[in-house]
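Number of protein chains: 2
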Amino acid sequence: MTERLVIVGGVAAGMSAATRARRINKNLDITVYEKTGYVSYGACGFPYFIKGDVPEIEALLIRSPQEFAAQGIEVLVQHEITAIDPAAKTVQVTNLRSGRTFTDHWDRLILATGGQAVPPPLPGIDLNGVFTLRTVEDALAIKCWIKEKQPQNAVIIGGGYIGLEMAEAFSAHGIRVTIVEAQSQILPTIDADMAVHIEQELRAHNIELYLGHKVKSLDGDAPLRRVIALTAAKVNGHDAASMVQAATRQARVRAVLTSGAGFPAEMVIVGTGTKPAVEFARAAGVEIGLFGAIRVNNRQQTNVPDIYAAGAASEVYHRVAGQSILLPLATTASKQGRVAGTNAAGGRAHFSGIVGTAVVKMFDLQIAQTGLTEKYAKYFGFDARSATISATAHAHYMPGNTPIHVKLVYETTTQRLLGAQIIGKEGVAKRIDVIAAALHSGLTVYDLAELDLSYAPPFAPVWDPILVAANVASK
Amino acid sequence: MTERLVIVGGVAAGMSAATRARRINKNLDITVYEKTGYVSYGACGFPYFIKGDVPEIEALLIRSPQEFAAQGIEVLVQHEITAIDPAAKTVQVTNLRSGRTFTDHWDRLILATGGQAVPPPLPGIDLNGVFTLRTVEDALAIKCWIKEKQPQNAVIIGGGYIGLEMAEAFSAHGIRVTIVEAQSQILPTIDADMAVHIEQELRAHNIELYLGHKVKSLDGDAPLRRVIALTAAKVNGHDAASMVQAATRQARVRAVLTSGAGFPAEMVIVGTGTKPAVEFARAAGVEIGLFGAIRVNNRQQTNVPDIYAAGAASEVYHRVAGQSILLPLATTASKQGRVAGTNAAGGRAHFSGIVGTAVVKMFDLQIAQTGLTEKYAKYFGFDARSATISATAHAHYMPGNTPIHVKLVYETTTQRLLGAQIIGKEGVAKRIDVIAAALHSGLTVYDLAELDLSYAPPFAPVWDPILVAANVASK
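Going down the list, the sequences are from chains A and B.
Read in order, the letters of the first sequence correspond to residues 1 to 475 in my numbering.
Read in order, the letters of the second sequence correspond to residues 1 to 475 in my numbering.
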């Protein structure tokens, strides 16, 4: 009898898994269930679609369900999984278009449910014009709102990667942007001393930046205010609550309020992060790790036989931290998906873990990190030190030179490299990858100083900024 | 009594050594002798000075003899060393300005004599307008010739790094360029299948390319022809020879001739490589290696006590080839200089070798290599295979995307990575450095496929071209 592989989630991890499983095993039945209306898309391209660099959303759609069908992979969009029965080896499926519910059988199951946006439960968070950015539908809604409402100003709640990219996208449309970040620095995933360069770049592009400001509520236009007044009068606790909710859905956002300030907002992006979508997995007895993601081994197997997990719903082994953590990134999802797909199809593959490499472009700045920041190195119990240098991206005499800032984090006792952050206007993304390769191999700062890095005047000084930083750290 | 360190040669290796020695040992007497009129310059910037990107030669001069004097380093330019006496610990010095000769004593000696251009002994090679590009004087002479003679065309003999950079520099001045290369491909330091991309770029910029064409002679204008006629008449063998030489020096180059063709040339660059300047070292009993360079250990010590060598005159240990070779590059020279300077000053340092990383920009193309090419891997006895892929430099949907070509060379039996070549219009230089880091650590292609490389749509596809190539090689 033909064996059956069911994959839940059709973005990076899910579709990598499906494609790989098909390649490994020609006889497998493969079905992918995806809750949204789209599969196999480049979610990292959304800010560029909203900005306008990518004019059509179709460009972000890598392969259609029809193309997967031609490969013998059945893809069902707008189908949500609501429960797993590991003993019976079934899933409960709801067709979101028809409302019909059915049971499907699997021999192997891959959970690639990804992350879900978690807007904080603030008053007014349901207002019209308040968006998260996670799905194709979100991206389309944001672009549509910009086009139809032509907002003059926008507030971005949260100064993480999405927040930075959206600041650039909004600016390109002439929208005045305010970023409100609860922590005392922008991009809290990097160290505060490096974040300063980003804050400068934001201000240079007239982005208003409120650090250490916690959003308390969002304010809407008239219909909302009226209903809130009713609620305050406590006419009827229960009814008023549902009336607020209904009115909120009709009302448009007008302002974002913190304890000390209010910011006009004709639209709002909530970029406060995602959490792994693990509800039905947890209910089925799939083990969830410390950080709320599905626990997997290096073959992407969960604790439940024949159930695998990959992507932003699952943990990933961080080679520098020496433990599994939650760090949802598209590259990791694709790699984990391949491994899960290979193993679920009867092949043999393992995932050796990540070092936590990420890069983002914001206006003219490139911001990259790998390994552990100084802050996180200490959090993970390392006796960590750092060396920070500023250099130029080219030989000093070349025209159009720009500064580049490198911070290396390393273990005090062993001099082992623990991480790096690089910020500059060019040559940042692939420079961080040099450090990523060094971290993968467990190099020390002495080893790093010995690397034979390329040199030509248009690309680097004779002593590449990485080597300069490594030399400082080696002292 | 104060000890005395003498350094022969004041460019990358020599001045790194001097600076480092001074930092290590405040009491050392340090004197640097340099044959040319300049020290401490960025020779790799010459093509950009000639092109005009760097308007003033002064920009390439990093520090002057006066600045070194302020650090307690005596620098004497236009001073040539003609002999070493290892027993007496002396050098014979000629002041090239005054002609005065003297003897200097040393306790430790560092030979940083570099490479010297070796124009092939062709008839007409002494003609006016025929240049090599090695020293500040050469760069000034070339730029001066362009300005004064306004040549319409130029021939570059040799399609190596200098040849490619000079093709771009001449084109920027509107000079029609012909490259004549004896081998059947451009840039013989890379594999022929990758060189094709460079040949396309050259042709796209209207550079005439003659591959597999060996230059037989250079032809000059009238005065030369007259004297050659005299010589042909064999009036007097000896006298005619010196007359030819004298007339050659006055005559201007007009053409470059191969066995089958002739190319008009109002100026010629001879870019056929350099050889280590080791004559007086060899005469003093300093051991010379297989490739004609000074043999050194990993502390940059020669076989003669208290004599060190660094830079293009010395060998360097190639970590992938597993043996010492000759590969003169500015980065290596600086690193070796530091090690030689440290050890000669009483410190302790070692040089762990190179992996052979180099990059060059030519028009819009970036051309990089590290480790061994497939050709050289076989030469060094490896059972080598390769995987070559073409990808895009950004996520496929981003505007202004460009192709990038990656060739990985690896050992068939162990899958150990042996080298890579990358060619594209962006993101090449630092991408080759990722491979350089991998080679330093002896990674396999499987390891390479697991690297956690950065991703954001403006910088790479989700699967970086390096990972795509590694996946192909892993199959």
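Treat the hints with care, as some may be off.
No copy labels: a pair is met if it fits in one copy or bridges any two.
[Unchecked claim] Computed cross-link-like contacts, DSSO-like style, restricted to lysine-lysine with a CA-CA straight-line distance of at most 30 Å:
{"#": "1", "residue 1": "Lys51", "residue 2": "Lys26"}
{"#": "2", "residue 1": "Lys143", "residue 2": "Lys378"}
{"#": "3", "residue 1": "Lys26", "residue 2": "Lys475"}
{"#": "4", "residue 1": "Lys216", "residue 2": "Lys275"}
{"#": "5", "residue 1": "Lys26", "residue 2": "Lys149"}
{"#": "6", "residue 1": "Lys89", "residue 2": "Lys51"}
{"#": "7", "residue 1": "Lys425", "residue 2": "Lys51"}
{"#": "8", "residue 1": "Lys378", "residue 2": "Lys425"}
{"#": "9", "residue 1": "Lys143", "residue 2": "Lys275"}
{"#": "10", "residue 1": "Lys35", "residue 2": "Lys475"}
{"#": "11", "residue 1": "Lys147", "residue 2": "Lys35"}
{"#": "12", "residue 1": "Lys214", "residue 2": "Lys275"}
{"#": "13", "residue 1": "Lys26", "residue 2": "Lys143"}
{"#": "14", "residue 1": "Lys375", "residue 2": "Lys149"}
{"#": "15", "residue 1": "Lys475", "residue 2": "Lys89"}
{"#": "16", "residue 1": "Lys275", "residue 2": "Lys375"}
{"#": "17", "residue 1": "Lys378", "residue 2": "Lys89"}
{"#": "18", "residue 1": "Lys475", "residue 2": "Lys143"}
It should be emphasised that the hints constitute simulated quantities derived from the structure, not laboratory data.
Right, here's what the structure says about each hint:
1. Lys51 to Lys26: For Lys51 and Lys26, the Cα distance exceeds 30 Å both inside one copy (41 Å) and across copies (58 Å).
2. Lys143 to Lys378: neither (41 Å within a copy, 56 Å between copies)
3. Lys26 to Lys475: between (57 Å within a copy, 18 Å between copies)
4. Lys216 to Lys275: The answer is within: 21 Å in one copy meets 30 Å, while 72 Å across copies does not.
5. Lys26 to Lys149: neither (50 Å within a copy, 71 Å between copies)
6. Lys89 to Lys51: Cα proximity of Lys89 and Lys51: none, with 44 Å in one copy and 70 Å across.
7. Lys425 to Lys51: both (20 Å within a copy, 25 Å between copies)
8. Lys378 to Lys425: within (29 Å within a copy, 40 Å between copies)
9. Lys143 to Lys275: within (24 Å within a copy, 62 Å between copies)
10. Lys35 to Lys475: Neither: 54 Å inside a chain and 34 Å across chains, both beyond 30 Å.
11. Lys147 to Lys35: Result: close within a single copy only, 27 Å intra versus 69 Å inter.
12. Lys214 to Lys275: For Lys214 and Lys275, only the intra-copy Cα distance (20 Å) is at most 30 Å; the inter-copy one is 67 Å.
13. Lys26 to Lys143: neither (41 Å within a copy, 65 Å between copies)
14. Lys375 to Lys149: Close neither inside one copy (42 Å) nor across copies (62 Å); limit 30 Å.
15. Lys475 to Lys89: For Lys475 and Lys89, the Cα distance exceeds 30 Å both inside one copy (59 Å) and across copies (33 Å).
16. Lys275 to Lys375: within (22 Å within a copy, 51 Å between copies)
17. Lys378 to Lys89: Classified as neither; 43 Å inside a copy, 54 Å across copies.
18. Lys475 to Lys143: Intra 51 Å, inter 42 Å, cutoff 30 Å: neither.
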